[in-house]
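Number of protein chains: 2
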Amino acid sequence: MQEAMHYCDILKAYAHYATHCFQIFNKLEDDFYRIPKLQQSLVPMFDKKMKAIRACVGANQTFIRNILDQRAAFMNSDRINYDWVYRQNRRIKPGDMDKVKSTLKQCVRDWSAEGKDERKQCYGPILQELEKLFPNPSTKTKVLVPGSGLARLVWEVASMGFHAQGNEFSYFMLLCSYTILNCTKKPNVHRIFPFVHITRNIHSPKHQLASVRFPDVNPVNLPKDSLSMVAGDFQEIYQDQVEEWDCVASCFFLDTANNVIEYVRLISSLLKIGGYWINFGPLLYHYSGMYDEISIELSWEEIKPCLKHYNLELIREEIRKPATYCMDPNSMMKTEYRCLSFTCRKTAKTPKESPNPRYRRSKPGDPVNPGNTGSAPATGGQQNSNKSGPSRSGSSTHGKRKNGQDGRGPGKLANS
Amino acid sequence: MQEAMHYCDILKAYAHYATHCFQIFNKLEDDFYRIPKLQQSLVPMFDKKMKAIRACVGANQTFIRNILDQRAAFMNSDRINYDWVYRQNRRIKPGDMDKVKSTLKQCVRDWSAEGKDERKQCYGPILQELEKLFPNPSTKTKVLVPGSGLARLVWEVASMGFHAQGNEFSYFMLLCSYTILNCTKKPNVHRIFPFVHITRNIHSPKHQLASVRFPDVNPVNLPKDSLSMVAGDFQEIYQDQVEEWDCVASCFFLDTANNVIEYVRLISSLLKIGGYWINFGPLLYHYSGMYDEISIELSWEEIKPCLKHYNLELIREEIRKPATYCMDPNSMMKTEYRCLSFTCRKTAKTPKESPNPRYRRSKPGDPVNPGNTGSAPATGGQQNSNKSGPSRSGSSTHGKRKNGQDGRGPGKLANS
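Note that the protein sequences, when read in sequence, are chains A and B.
When the first sequence is numbered by full-length UniProt numbering, its final residue is 416 and no position is left out of the sequence of numbers.
When the second sequence is numbered by full-length UniProt numbering, its final residue is 416 and no position is left out of the sequence of numbers.
You may find that some hints are simply not true.
Copies of the same chain look alike in the list, so a pair counts if it works inside one copy or between any two.
Said to hold, decoys possible - Here are the simulated BS3-like cross-link-like pairs (lysine-lysine), alpha carbons at most 27 Å apart as the crow flies: (1) K224 with K186; (2) K99 with K334; (3) K48 with K321; (4) K206 with K321; (5) K304 with K37; (6) K48 with K304; (7) K51 with K308; (8) K49 with K308; (9) K101 with K334; (10) K321 with K105.
Because the hints were derived from the structure by calculation, they are not lab data.
Turn these sequences into a full structure, and let the hints guide you.
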């Protein structure tokens, strides 16, 4: 039930998008009409701009409606009345509204022609490395992409001829990637205004109003049986898939861990001996500063010896590789990551450890050591079944909720 | 009294710095000791690192003690028992703790050899322009630097031979710049660890533990009568100094306005006819997203016609000039602004307008139109008196408090 409530919160955030934006733009407009009339007259196009902004928000909500049309895709329990859950009056979190806006920008990053340079920076090194390490790709070679976001990297890997499996945790991403992968039959059918929410560091109003079309490719153009998606928590789903994977390709993922060492251990355990881990990304630890979450924040120099311990031989290491993330190219502000880009080869079995806990800080009454958090049975080697809907056993775990509470197995979303 | 309470809040935040940091590092350490013992053993230097981090925080607090030793500098009212106010049990705001850490990084930016490149990016174009526009500098040429931060730009302008006046609003900045300018007799006497608080995107622990010495110059080496500092709100202090200034040099300042158009009007009114406004910075409007503050967020293209209206002729315009702000050069994340760099010449009198209000959003019970907010009498053309303490009439206004409530005039801090 907690899972369903969380899912409905995300649906509600999507549905609330335009209203939320209008509240913000109403405030900006209201502010403008408080300054002296003479000063208002110096910005004669203000009204026109605000009208255009609202039209952009409306167009974004139209795209979001396509996403919401797929809401049934993740309603996985027959025992739950999702309509009833949705109607419960739960507050929309401001953080969730930010995630809706991020998802729109992520569409640009992953699926538009405008995102090409950004993809080249981060997916480029991974795809090149795959090409080098596996010169004869086939769907017998299994590549796992944890933290797959809107699934472009999975799609690229599948396009090369591998079997690629994406794993994602966020329903925002999952719903949107499902819409793009399963319900989009030709290129550039969607049009959004991804930067309309950004009101600072703007050179020209036209930049704020810029539109982007996507997808730049036809997402259904994929070799048969080449792509699958699994919804849910990486540690929970994959903990028992020992030595089932030829390659793990992680991009902007490593720092989503509570405990980065545990991610290293798990990735090692997933790989066949001789398999490869290709990584690209920064170390912007996502749980940093969250009081009720464990956050292990190690530097790259501290992580390196951990690789060795888990029999991951570092065969390629590049540092400070520049990459942006969902950047508005016209903005007067640019955040650039200087990423780690590396490849490891698994040289021997992963040293055995007692069951790996997921870490939450204890609350009064909790035991001091967090226990093993439920047992999501792992289903190795999902194959995709062309254009089928998601498995009804699909599950995903999110945020700060306890894992495995529903006792359901990991979900499987198939695309091609 | 509200002013004194606010001032004591800032003193308290400074005093609380190490305790605050230790709380954060205790949590990080605590997290580390919750992961499996075996995984802990993979980071053998962890204890040593945490010990070193605490020593760095201690050293930073030692520098902060120098700042707090100057606390009397801004205790401007004889009628207030500051000790009593300080002892009142007011909560320290998390935002204020961030400001203490920012101030430490600002020392690097403004006063260290390590900050040289950053200063060259933003102060460089301003100083070059001054040189070009005023080839024969003297203390008869008055240059105002609003939003002067830790006062390096004011100091540089004074060093050139002009009379430079800095204006700053934040007590964090004012106390620190007072300490550097008035109580530092030779270069590199201070040593801080400005990046010790940053626990993410680190390549090597040694980067987190890096120290920086400052000031790189002897701050007292200045021509006589060349530098003055005024504490308080720019709009309040300068509104009546019509045509008293030869030049306004603003750096990372324009976007600190509630109403950027009013800043343009005021800057125009301050300048003598034929005087210059030199600006460098982004448009990261500081009041953006604050519900109880007016925020006018215009693009550069919308600001340009306002310049013209206020008889400011744009004689130089460069866009997308890269500049970082308090960057850790070793971090795996880099934020770069693409700044506006321009010069305007005042061609004729500033068009008259009714008194300019400072803008706060109305609350229930407030009148719809914000009124003129008090009358801080302006004192034009302060001259510095060598090494004297700050004027007892010093005042400054901060944050969201009403302005002019104390009925005191603007403060004057003299340095040389």
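Of all the hints given earlier, name the ones this structure violates by number, lowest first. Of the numbered hints given earlier, the structure breaks just one, which is hint 3.
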